[in-house]
Amino acid sequence: MSGLQEYLRFLVTLTAVLDPFLAVPVFLTLTASHSPHARVVLVRVVAITVFAVLAASALLGEAILTTIGASLAAFRVGGGLVLLLMSLAMLNAQAGGVRQSEAEAAELESGEVKGVVPLAVPLLAGPGAISTTIIEAQQGGAAHLAAIIGCIATVSVITLLVLRAAYPIGARLGTTGLNIATRLLGLLLAALAIQTMAVGLKQLFPGLA
Numbered sequence: 000m001s002g003l004q005e006y007l008r009f010l011v012t013l014t015a016v017l018d019p020f021l022a023v024p025v026f027l028t029l030t031a032s033h034s035p036h037a038r039v040v041l042v043r044v045v046a047i048t049v050f051a052v053l054a055a056s057a058l059l060g061e062a063i064l065t066t067i068g069a070s071l072a073a074f075r076v077g078g079g080l081v082l083l084l085m086s087l088a089m090l091n092a093q094a095g096g097v098r099q100s101e102a103e104a105a106e107l108e109s110g111e112v113k114g115v116v117p118l119a120v121p122l123l124a125g126p127g128a129i130s131t132t133i134i135e136a137q138q139g140g141a142a143h144l145a146a147i148i149g150c151i152a153t154v155s156v157i158t159l160l161v162l163r164a165a166y167p168i169g170a171r172l173g174t175t176g177l178n179i180a181t182r183l184l185g186l187l188l189a190a191l192a193i194q195t196m197a198v199g200l201k202q203l204f205p206g207l208a
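In numbering that gives the first Met the number 0, the protein residues as written are 0 to 208.
What the hints contain is simulated information worked out from the structure, not anything from laboratory work. Please note that the accuracy of each hint is not assured.
Straight-line alpha carbon distances no greater than 25 Å define the calculated SDA-like cross-link-like pairs of lysine to any residue that follow [stated by the list, open to error]:
(1) Lys201 - Pro35
(2) Lys201 - Leu186
(3) Lys201 - Leu84
(4) Lys201 - Gly2
(5) Lys201 - Leu71
(6) Lys201 - Ala72
(7) Lys201 - Val11
(8) Lys201 - Ala189
(9) Lys201 - Ala190
Here are the in silico distance ranges between beta carbons for each label pair [what the hints assert, rightly or not]:
(10) Leu203 - Arg171: 44 to 52 Å
(11) Ser34 - Ala170: 13 to 21 Å
(12) Arg8 - Ala69: 43 to 51 Å
(13) Leu59 - Arg171: 38 to 46 Å
Even for Gly, the Cβ is constructed at its ideal location relative to N, Cα and C.
The task is simple: from the sequences and hints, build the whole structure.
Listed below in structure tokens is the structure:
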């Protein structure tokens, strides 16, 4: 796979993992009483937070793996499993426990939390996005890392644009349309999760190849 294809694959994977369409209903709930200006400010903060969390994961990924004593191959298998669990929830048009626990969902419904939490973290930049970024960032040197951060910036901009248009998107697509978009991304993510796990298993057990 060429470098460009690899970065395009990562871009698509990260977009599917974040799934900004899944965040649209949450955003609409959180900002129902906000002014238009407050919504714009919140969207910017969320996008910046997503970029900061994932860029930090890319920069510190090697140190994190070293600290926990895990090999990249083992992290691929674990990260792939996390992505697979997320994709199964997305196929049911749900956030799933990996993104949001029942207690966190209850807090959201009660209005006790709002803003960057839970939108940026953990709904968007959660365990799946962080593990995907760490895995991809360990493939090369400084140029590769710069390209990865560029992909993260691109996905953050996509997220910003989707949330900025959340009200028109919600009005046009409705719940059914948003669920269809989430299910399609979930199907794509399931395939990518299996591929990630397969690569990791081959590295851990060369005899499987």
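Going through the hints against the structure:
1. Lys201 - Pro35: violated, 51 Å
2. Lys201 - Leu186: holds, 23 Å
3. Lys201 - Leu84: holds, 21 Å
4. Lys201 - Gly2: Holds - the C-alpha atoms of Gly2 and Lys201 are around 22 Å apart, at most 25 Å.
5. Lys201 - Leu71: Holds, because 12 Å separates the two Cα atoms, which is no more than 25 Å.
6. Lys201 - Ala72: holds, 8 Å
7. Lys201 - Val11: holds, 23 Å
8. Lys201 - Ala189: Holds. Lys201 to Ala189 sits at ~18 Å (cutoff 25 Å).
9. Lys201 - Ala190: Distance ~17 Å between Lys201 and Ala190 Cα, so the pair holds.
10. Leu203 - Arg171: 44 to 52 Å: For Leu203 and Arg171 the Cβ distance comes to about 46 Å; the hint holds.
11. Ser34 - Ala170: 13 to 21 Å: holds, 18 Å
12. Arg8 - Ala69: 43 to 51 Å: Violated: the Cβ-Cβ distance is about 23 Å, outside 43 to 51 Å.
13. Leu59 - Arg171: 38 to 46 Å: holds, 40 Å
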